[in-house]
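Following the hints, complete the assembly by docking chain B onto the known chain A.
One line per chain: the protein sequences are A and B, in this order. When the letters of the first sequence are read in order and numbered with the working numbering, they come out as residues 1 to 342. When the letters of the second sequence are read in order and numbered with the working numbering, they come out as residues 1001 to 1342.
Be aware that a few hints might be false.
[As the list claims (entries may be wrong)] With a straight-line cut-off of 30 Å between C-alpha atoms, the simulated DSBU-like cross-links for lysine-lysine are:
1. A:Lys166 to B:Lys1128
2. A:Lys36 to A:Lys252
3. B:Lys1036 to B:Lys1187
4. A:Lys187 to A:Lys166
5. A:Lys166 to A:Lys100
6. A:Lys128 to B:Lys1187
7. A:Lys187 to B:Lys1187
8. B:Lys1166 to B:Lys1252
9. B:Lys1166 to A:Lys187
10. B:Lys1036 to A:Lys187
11. A:Lys252 to A:Lys128
12. A:Lys166 to B:Lys1166
13. A:Lys166 to B:Lys1187
14. A:Lys128 to B:Lys1166
15. B:Lys1187 to B:Lys1166
Calculated from the structure, these hints are not laboratory results.
One letter stands for each residue in the lines below.
Number of protein chains: 2
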Amino acid sequence: MNRAGETGAADDSGVGNTSLVQDAVLAFDIGGTDMKAGIVLGGLGGEGGLGGEVGLGGEVEVRDLQRHPTPLDGERSGASVCARIVELTGQYRSAHPELKISAVGVTVPGIVDEENGIGVFSANLGWKNFPFTATLTQALGLPVGFGHDVGMAGEAEFRLGAAVGKTDVLVMVIGTGIAGAVVCDGKRIAGGGYAGEIGHAMVPSPDGGMAIMESLGSAGAVARRYTAATGTPVAGARDVLALAAEGDLAAKTVWADAIDALAFSVAQCVSILGTETVVLGGGLSMAGAALFEPLAARVDELLTFHRRPHYVHAALGENAGLIGSALKARSLHAASAEEGTA
Amino acid sequence: MNRAGETGAADDSGVGNTSLVQDAVLAFDIGGTDMKAGIVLGGLGGEGGLGGEVGLGGEVEVRDLQRHPTPLDGERSGASVCARIVELTGQYRSAHPELKISAVGVTVPGIVDEENGIGVFSANLGWKNFPFTATLTQALGLPVGFGHDVGMAGEAEFRLGAAVGKTDVLVMVIGTGIAGAVVCDGKRIAGGGYAGEIGHAMVPSPDGGMAIMESLGSAGAVARRYTAATGTPVAGARDVLALAAEGDLAAKTVWADAIDALAFSVAQCVSILGTETVVLGGGLSMAGAALFEPLAARVDELLTFHRRPHYVHAALGENAGLIGSALKARSLHAASAEEGTA
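Next comes chain A alone, as it looks inside the complex:
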């Protein structure tokens, strides 16, 4: 009776030979120059996943992070990228016999139809309506979590990072350009792949006209505008900030213009969506208090009876996109496993 009981317990737990092999997701973040790859472990909670409720627990770990050149091939870049993903998946499998790669996550830039797994358009990478999910699912025989790079990073910050438990969130990644992810009432907005393009929204410009937001507020714009104003080349926005701290007037003006542009867009989100949490990521967010404090003050001036948002630093760093696509891939894997047992 005792032995039968033990056997039953072992069966119920599902523990067998496979217990030595850990389930993992291999994630890819496709950029205009490089593609990153890495194994994402942990942080994925039990069931639920992206389709379910907020609050997946556990520490997340990215293992064996690699960078490779993105195979650029004009309009055929989609197929080339997929072929490279298949090749790298084989290499990761050989290199990590201790892991069972049970799903793949992929993020791409541009306009992305996440629902149908299609890269609609990318100016830098060249594809038009390329079916990433279908191509990779067929080639790999695995569930594929496919999404927009900043969208997936935002999703990761919302599920595991700086905005856990918040329902109305704007994630802004401020680097060379500016991209955003928008969470409303506890769900990230897709808008058919067109949501989150806050860097390309109009804002009032210092000359009294209008400008694209990222032409004033991005790290790239801060450096470029300082050089244009003074003729002095700088390595990046960090130098401009240092000069502003020393009292350089041109640097202070360029920085104030950037804050005005960012604040204007934040205030639009608050007015239209009731945004309560602003997550700032990307290179410019490293400015810390020099960014957060004047930004909050300027947003405040642009609002009346509205909510006042909280500002937090992105928590998951530059691997947020990998983690987000892995979360999505894992939830698809869990769903297909459930179907399999049903």
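Positioned in the frame of chain A, the structure of chain B alone reads:
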């Protein structure tokens, strides 16, 4: 056998004595001066309702529409309004023995916590954190569909009106002021009660600074700004439009400023949310092509690779709010009936 068959059929259809009494929702739209009441019939499809999927069918009818002064009582206005709703519900019941009022819908202006049924704040009506749903549910013993007036109107346009089948929608009601409702990925956004305040978002103003959007784009602003510019009093925005059509330069400028302000806000929504459909309601929307055509053209200038939205006239007229709250009330009634039979 024939008779038994007939009896069975009658039982299955659920037709009995109650079939002579039609289920109806009594809806109230509470404004700063008047409160509207009306019986909402039809248009409510089968199950589903507000919580379910898009696509409720059938013609909607508002019967015995009444207007009464809103009982204004400072901070106690919430209680006074509820008392009046209870009183009017009794009157409607007496006057309509052919109807069974099975649920009540209520819309209010201001900041509204729909999830918890609370009127958070209304500048015109005076309440602060008044528990409308709890108060009315207790007093009436009926399910109460409670919501923001423009939010419920937007919901009705999305479910039954101008935006049926669309997933990314901005509803703008342009009257004395401007309020909005935002639908993203097929769900209206609440933002804790703070979403949709597009009339209070900042836009670039003609003097090179910034202004609250409704101070330039509303019907009230158009009339007021024309009079301020010319010293000539006008009855409303309609007069200004007529003057613009005749070539009056000040009227043309004021109208162009209004278009610029409205277009700026529409373009913000498109950039941030991928809005595909813009529903225009309220008095100013009666301007028709004089509004729609320059608005679409101006929005187009403010966008680059973004979606281009379609513009449609609100379909449900000034009773959209009543209809929206009735839809919500009906879905709550259906849900509670289902619980009762489970």
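Of the hints stated earlier, which fail here? 2, 5, 8, 10, 11
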